[in-house]
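Protein sequence lines, in the order shown, are assigned to chains A, B and C.
Reading the first sequence from the start, the letters are residues 1 to 483 in our numbering.
Reading the second sequence from the start, the letters are residues 1001 to 1266 in our numbering.
Reading the third sequence from the start, the letters are residues 2001 to 2472 in our numbering.
Hint data in this document are derived by calculation from the structure and do not stem from the laboratory.
Note that the coordinates shown come from a computational prediction; the quantities given were computed from them, not determined experimentally.
Certain hints may be false.
[Unchecked claim] Subject to a maximum C-alpha distance of 25 Å in a straight line, what follows is the list of computed DMTMM-like cross-link-like pairs (lysine to aspartate or glutamate):
#1 B:K1096 with C:E2019
#2 A:K305 with B:E1077
#3 A:K390 with B:E1077
Listed below, chain by chain, are the residues.
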Amino acid sequence: MTNLDVSPNRTPTPTPPPKSPIERGAPRVSKLGPVAWGQKNLFNSWFNSILTVVLLLLIGNFVIGTLLWVFSEAQWAVVTDNFGQFMSGLYPPEAYWRIWSMLGIIFLMAGLTWGLLARHQKKLLNQPVLIGLGAIALFAVVLPLTQPHVLNLIVCLGLLVGMALAGQVIGRKIPMAAQLISLGWFLSYFAVLYLLNGGEVRASFLYLVSRVVLSLLVGWQLSQRVSIPALPPWLTKIGLFAAGVVITYLILWYLPYTIPGLDFGIDNVRTSKWGGLTLTLLLAVSGIVLCFPLGILLALGRRSKLPVLRGFSVAYIELIRGVPLISILFMGQVLIPLFLPEGTRPDRIVRAVIGLTMFSAAYLAENIRAGLQAIPQGQTEAAQSLGLNKTLTTLLIVLPQAIKIAIPAIVGQFISLFQDTTLLSIVGLLEMLKMTRNLLVGASYSGDYVEAFLFIALIYWIFCYAMSYGSQRIEAALNTDLR
Amino acid sequence: MTQSEMPRLNVERSMTPRDRSGNEAVIVAQDVHKWYDNGFHVLKGVSMNVYKGEVVVVMGPSGSGKSTFIRTFNALEPYQEGSIAIDGIPIAHDLKDIEAVRREVGMVFQQFNLFPHLTVLKNVTLAPLWVRRWPQGKAEEIAMRLLERVGIAEQAQKFPGQLSGGQQQRVAIARSLAMQPKVMLFDEPTSALDPEMVREVLDVMRNLANDGMTMVCVTHEVGFAKEVADRVVLMDGGVLVEENTPDAFFNNPKEERSQAFLSQIL
Amino acid sequence: MVQKTAKPLPRFKALLRDERFWQVALQIIVFIAVVATFYYLYGNLKAKGQAEFDLGFLQNTAGFPMSDNILGYQPTNSYAKIMQAGVINSFRVVIVGIILATIVGITAGVASFSTNWLLQKISRVYVGLMRNVPLLLQLIFWYTAVFRATPNADNQIVFPDEALSWVVISNKGIRLPGPSFPNELWVGIILLVLALLLGGLLWRSANMFRLGRFGAGIGGWLSRGVNVAIIVAVVITDYFLLFSNSAEDRLYFTGAVPAFVGSPQGLWVLALMGLAAGLVYVWKLRTQAMLTRGEDGNLLLGMMGAIALATAAIIIFAFGWKTPVIVPNGAEGGLPITMEYAAVVTGLTFYTGAFIAEIVRAGIQSVSRGQWEAARSLGLSNSKAMQLVVFPQSLQVIIPPLNSEFANLAKNSSLAIAVGYQDLYSVAYTSLNQSGRAIEVIAVMMGTYLLINLLISINMNQLNAVFQVKGR
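Chain A with its partners taken away, still in its complex shape (with noise of 0.2 Å):
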């Protein structure tokens, strides 16, 4: 350290030789004691000392008493009788099953997907992840509301590793796996919507949704890959996939119906009868992922300079986001029926996701058009001196940049909208609010409100604490794959 005064009367004094290494010794970490700790922290002035106290006292009862309160006074029979309902609702227990199915197929490509996206790790199964592991196992098997269900959720762990160390294998050979892992996402969704639902297969939504997507594929490959001379390469290219995807179309629909003994399927599982976790759960996931192309277009359309295209934006966003959401949902509920043509009474929970889809679309635009605004100016004039046209540019460069920019945003939204389903209870749907409050109103549960709320605030709170944990990890990797 050297003497900086320089002032001219005054004689530098000269600065010390540096110490040798040994000397100077290793920089030491200072670890307090408990003590040196607790002055530094809690008693460090005499207001701190007080406040620290009485904070203590106050604390500590509370504590103490919630702690002794839920070992021994409080009653849980109201949850570990009633924990199918609390999942999913009124659903006859002989189809439990299903449940589980559903709960599987997610472990599965959650595995999948976990292993795709860290296929260029060496060891996927690191000391962290398999302490969490090993602890939810044990969780699961110590908990007295889980022990009945600890076999299969042993195997949806199993799944879940075994098909993450899958991922990588499959990462690591083919390439387009990566893209194919959101189809799988969007057919699991339909056939988890079939799992609960029920009815013919040939009649679900899931066949139809297969067939479509089948049908798109034949027509492609079709095209890409046969050519007749004879005609234009254009003319060939859609003559080609229009005539795949139709007659594949045709004849997946028809076939079915034709051949005798193809009408198996499940039992129909009344919607009404659907609630609890894993109708919350639909509502969310629903809700987040319908209001996607609503929300793309609406931010697009606000940023657009063209007067009409952007007056409709600002009035369909500002009026959304203007009223509670509350009485979107109400208005679902009592104006669709109102505004169908007569004899079309769609279903309660259609309704509600519709109210859900409009109400996130607005939320959503305004999250793509914060990221939209961060893009510089710069990427379109570079897309379009290249060019590319505008819809092109907006595809291929606008979007995908926007989009990620507004993950963390997103993430937000979809932890509020998980929260907002418990305005459904409201209008009367059985997510799990209202299956708790039904549960409740029975006499023999009727005095176990505290333990009853206290178990469902606890799942809420495990579900957004996770998925907030998860958005900053996102944002976290994002950051420094854009630096």
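Could you slot chains B and C onto chain A? The hints should help.
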């Protein structure tokens, strides 16, 4: 075909002028006027012809409209009066014409403007795949050749954010060249670079010029202008002040504004 | 190379390739599509006989009770009156909620910077808990598990003791010491707040004319027209809110000014508002003095102290405080607070407070360390640095998100229906069921919420403009 035999068109697709060596004009700009939205008259009747194989350097003080002028050549900036034609195709309101023009004109920006979410290779192959509709094999082959030409082939799988400024600008040049344009525009390509990287980019540009590419460069690099340019043009206040060979311009500027400008930068 | 087709293009084809054509055509197509959709939906509505939009039903008798109302509503009154009572109820929750949530939020936000580790962690735990549990669940929990779980009237909780019953809590309600304001005065205060918020709208429109901030062309004239309409509408509405003297005619309440002038407490409240305005003005003077002339501002601080004392004196002595009185079956008097109201306000306060705490924390953090260091290295003490340098800058980061939090609180107040508090949404819901006029009721309700949202957002924007540091 004489003047009187030319068909009357509703859009002007006239014969292209030629210079003394018989080279056709790739860019024909006549009496171009442009006003900004706030009424500012940024281009005041500028005319310029750029012939095939020429390297034109445009210089001028900031705010002189030089960037705006060259950005009218690929329809990034609209203009209100006058006419501009690239390779015979007029730039007006016709969408197909504008698309055709943009295919034939490449542009390199001061801020590089590489697409951060795509690899270097994908940055270069994007336009040929989607605009020229080349098959993937052909696009990638040409892209790799261009990346080698600008000296950056080993970075093909990296993302722009992982490259230095000089490397990014060279990728930007390769990206524009992939479309096999007839003319390349450079808008202050080295102004955002650290001094040690300016040289590598100028080297690439010099090689490009030697290979016969028609180039219009807005730059402050006097050395480059003296070495490579066929013509130096000075713009000031939205007007084309002086136009001459580099020797004549730098040693013997005719106009007073040219002398003032040169005294500032030399 | 000189290819280019020497054929003239047919006019139609040339049109299709003109970008100006598509700019207009696209708008026309979208416009037609949207209008056609609305027309189709309207057609369906008409086929079901629901298509008349007739607000006349508002004069019909409502016929259902409202337990918690200060307008004196009776079931024999009309829908119009119960709607107004619903709006007043919403305002009671929103105004108190915003004030309390801001206090809680600022406290928790500042506490997260405390030097006391325990306090810091408690603040973080509070925020992490409240933000991740749905609001509706919290509201229902507060209502059933806390407020309704209080003992019944025979075992009511009295604080501090039987003789001095300041606070009485039983499951019939909470009674606090309350100023002896007549009901009209309470309503008058709410109407005054509403009138001031509308005044913000007026101010903004007037400013737009004063500064000439209109775009060119049709858009500009449209904007001018809209702003003129706003000014006229606000003036008329404010007139009714402030001066209405009728109790039955159109508005079922006495306007703010007659309410204030008509009772001695009202005049004291007016004096209080004057003092508050004075306090803000003196504070502004002091900050200016400290910044521009480097004065200590002690004289002005003394003035502020005097004003504060006067305010306290008025509040304590002039308001005629009445404490609840124990009677055989409970208590009477004082300020009655229903359990429903308490649950809604508490739930909203703690939920929104957590979000505001996050905003405050981010705001204070956003002022870079460099500012602190610069201020301290200039010799300013910690508190002066906070007051003069850090706080004003963090305000400009805090206020914009506060805007949306307040708007969210106003919208979330509609959840009151779940605990039985009759706010605007609850009243609209029941009215719709009773009268069957779905479109009209929904339109009125949504329109009111839109208006509340607009009021909050415009006034917060004006506040924001006051605190913005001018950029380039």
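Results of checking the hints against the structure:
1. Between the alpha carbons of K1096 of chain B and E2019 of chain C the distance comes to roughly 9 Å, so the proposed pair stays at or under 25 Å and holds.
2. Distance check on the hinted pair: K305 of chain A and E1077 of chain B sit about 16 Å apart at the alpha-carbon level, within 25 Å; holds.
3. About 15 Å separates the Cα atoms of K390 of chain A and E1077 of chain B, which keeps this hinted pair within 25 Å; it holds.
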